[in-house]
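Starting from the known structure of chain A, fit chain B onto it as the hints suggest.
Protein chains: 2
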Amino acid sequence: MGSVTVYGPPISPAVSRVLACLLEKDVVFNLVNIDMSKAQHKSPDFLKIQPFGQVPAFQDEHTTLFESRAICRYICDKYADRGNRSLLGRRGGGLVERAHVEQWLEAEGQSFNPPSSTLVFQLAFAPQMGLPQDPAAIVLNEGKLAKVLDVYERQLQESRFLAGDEFSLADLSHLPNSHYIRAGGKEELFTSRKHVARWWEEISMRPSWQKVVEMQRTPPA
Amino acid sequence: MGSVTVYGPPISPAVSRVLACLLEKDVVFNLVNIDMSKAQHKSPDFLKIQPFGQVPAFQDEHTTLFESRAICRYICDKYADRGNRSLLGRRGGGLVERAHVEQWLEAEGQSFNPPSSTLVFQLAFAPQMGLPQDPAAIVLNEGKLAKVLDVYERQLQESRFLAGDEFSLADLSHLPNSHYIRAGGKEELFTSRKHVARWWEEISMRPSWQKVVEMQRTPPA
Numbered sequence: 001m002g003s004v005t006v007y008g009p010p011i012s013p014a015v016s017r018v019l020a021c022l023l024e025k026d027v028v029f030n031l032v033n034i035d036m037s038k039a040q041h042k043s044p045d046f047l048k049i050q051p052f053g054q055v056p057a058f059q060d061e062h063t064t065l066f067e068s069r070a071i072c073r074y075i076c077d078k079y080a081d082r083g084n085r086s087l088l089g090r091r092g093g094g095l096v097e098r099a100h101v102e103q104w105l106e107a108e109g110q111s112f113n114p115p116s117s118t119l120v121f122q123l124a125f126a127p128q129m130g131l132p133q134d135p136a137a138i139v140l141n142e143g144k145l146a147k148v149l150d151v152y153e154r155q156l157q158e159s160r161f162l163a164g165d166e167f168s169l170a171d172l173s174h175l176p177n178s179h180y181i182r183a184g185g186k187e188e189l190f191t192s193r194k195h196v197a198r199w200w201e202e203i204s205m206r207p208s209w210q211k212v213v214e215m216q217r218t219p220p221a
Numbered sequence: 001m002g003s004v005t006v007y008g009p010p011i012s013p014a015v016s017r018v019l020a021c022l023l024e025k026d027v028v029f030n031l032v033n034i035d036m037s038k039a040q041h042k043s044p045d046f047l048k049i050q051p052f053g054q055v056p057a058f059q060d061e062h063t064t065l066f067e068s069r070a071i072c073r074y075i076c077d078k079y080a081d082r083g084n085r086s087l088l089g090r091r092g093g094g095l096v097e098r099a100h101v102e103q104w105l106e107a108e109g110q111s112f113n114p115p116s117s118t119l120v121f122q123l124a125f126a127p128q129m130g131l132p133q134d135p136a137a138i139v140l141n142e143g144k145l146a147k148v149l150d151v152y153e154r155q156l157q158e159s160r161f162l163a164g165d166e167f168s169l170a171d172l173s174h175l176p177n178s179h180y181i182r183a184g185g186k187e188e189l190f191t192s193r194k195h196v197a198r199w200w201e202e203i204s205m206r207p208s209w210q211k212v213v214e215m216q217r218t219p220p221a
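Those protein sequence lines, which keep their order, are chains A and B.
Numbered by the working numbering, the letters in the first sequence go through residues 1 to 221 in order.
Numbered by the working numbering, the letters in the second sequence go through residues 1 to 221 in order.
Bound conformation, chain A alone (with noise of 0.2 Å):
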């Protein structure tokens, strides 16, 4: 096995961010499964490696690192010449394409991300864990998505993916919840829209994304 390892489960949206991005850059990792209804995200061991409690955390030899789009840049940096090379933007791309990786991959952790975040837990989480849904929280969030997605769908019709002609990290970033809204029975905010539609067809196919959803199925061991 490498020298990387991957700490939290695979169902986890943030786990699979990295999962996705280690797995398009054909990098061989070992998974250990953080048992968090048992609390073990919040073990004084754990929380060596991630201060804040939460998944995923992140080795590869001697570094640590938490916070999951931090990890895929590294990743992509430390890994330069393996797998695919453009997620942060072609090797001959130069700062400017990477900076509209950049760009695209803040405007999913800042505007993506709080709406689409409470929509995993309502419509995924919640219900396995047992736990009543908030109807007016659904409603909101919807309608905030449903604005960025808006945003989304004028950038899509200028370009192939987000940050341009290449899938990238930017994109990579939106699969694990844009999964659970779908899977939550909520498509229509991405069937709706002619290019968010097509896109979302394009990046969630690609095998590195089909391998989590497939590892998320499968109870750890």
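Simulated from the structure, these hints should not be mistaken for lab results.
Keep in mind that a hint or two might mislead.
No copy is singled out in the list; a pair is fine if it fits within one copy or between any two copies.
[To be verified] With a cut-off of at most 27 Å between alpha-carbon atoms, the simulated DSSO-like pairs for lysine-lysine come out as follows: (1) K186 to K147; (2) K144 to K186; (3) K144 to K48; (4) K42 to K147; (5) K144 to K42; (6) K38 to K144; (7) K211 to K194; (8) K147 to K38; (9) K194 to K48; (10) K38 to K48.
Here is chain B on its own, set in the frame of chain A:
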């Protein structure tokens, strides 16, 4: 004047993040005010460079960008040899040092920013706009922010700055919201934590940030 233009009012936290970065990097820039009270950020021309209708937007010759943290990364990469050279990790620090900056910059964006943004609105902007404050929202987000700052306290006991011994973009990115929260009467969130207090004193006294505060006090031309 240089080729760099920032669009947006300095009183906006996201605009001031970019200004602080440009000042650290000794990059000359033009500042174009966007009068949000006249909805200039929703005008068709502005939406061409900032499709979400938010501030700031940024231009450097033919490159336009949005999202303050993405703009800051671009400035650091483009003007690598100017001004402060360790905002994304020291030049010889390699990708692990950059990854540690990215990790804490993401912690700012994902953990610190959500509760602190709400507090900034409630404590600073709502009174200015003649809107009533929401005491429950203040209490809730103060509690959330306190938990984040508890993690920072432990980190800042280990190192002078969040990502190590050098001031970085991760520290800089906390200045705008922290400034308003302190000015809004909630200094204690910072002063009650020994290492957070020491850190805040050091980062807020930097000439770059002092200059931004001065710009915030100057009415737009």
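The hints, checked one at a time:
In this assembly of identical chains, the alpha carbons of K186 and K147 lie at most 27 Å apart only when taken from the same copy (15 Å versus 33 Å across copies). Only within a single protomer do K144 and K186 lie at most 27 Å apart by alpha-carbon distance; the minimum there is 14 Å, versus 29 Å between protomers. When the C-alpha separation of K144 and K48 is checked against a cutoff of 27 Å, the pair qualifies only between copies, where the shortest distance is 21 Å, while the shortest distance within a copy is 36 Å. In the homo-oligomer, the alpha carbons of K42 and K147 lie at most 27 Å apart only across protomers (14 Å), although the nearest pairing inside one protomer, at 36 Å, exceeds that limit.
In this assembly of identical chains, K144 and K42 lie within 27 Å of each other by CA distance solely across copies; the values are 17 Å between and 32 Å within a copy. For a Cα distance limit of 27 Å, the shortest separation of K38 from K144 across copies, 23 Å, qualifies, whereas the shortest one inside one copy, 33 Å, does not. In this homomeric assembly, K211 and K194 come within 27 Å of each other (Cα to Cα) only inside a single copy, at 26 Å, whereas the closest approach across copies is 47 Å. Taking identical chains as interchangeable, the C-alpha atoms of K147 and K38 lie at most 27 Å apart only when they sit on different chains, with a minimum of 21 Å there against 37 Å within one chain.
With identical chains, the CA atoms of K194 and K48 are at most 27 Å apart between copies only, with a shortest distance of 21 Å across copies and 45 Å within one. Proximity of K38 and K48 under a CA criterion of 27 Å is satisfied intra-copy only: 18 Å inside one chain copy versus 49 Å between copies.
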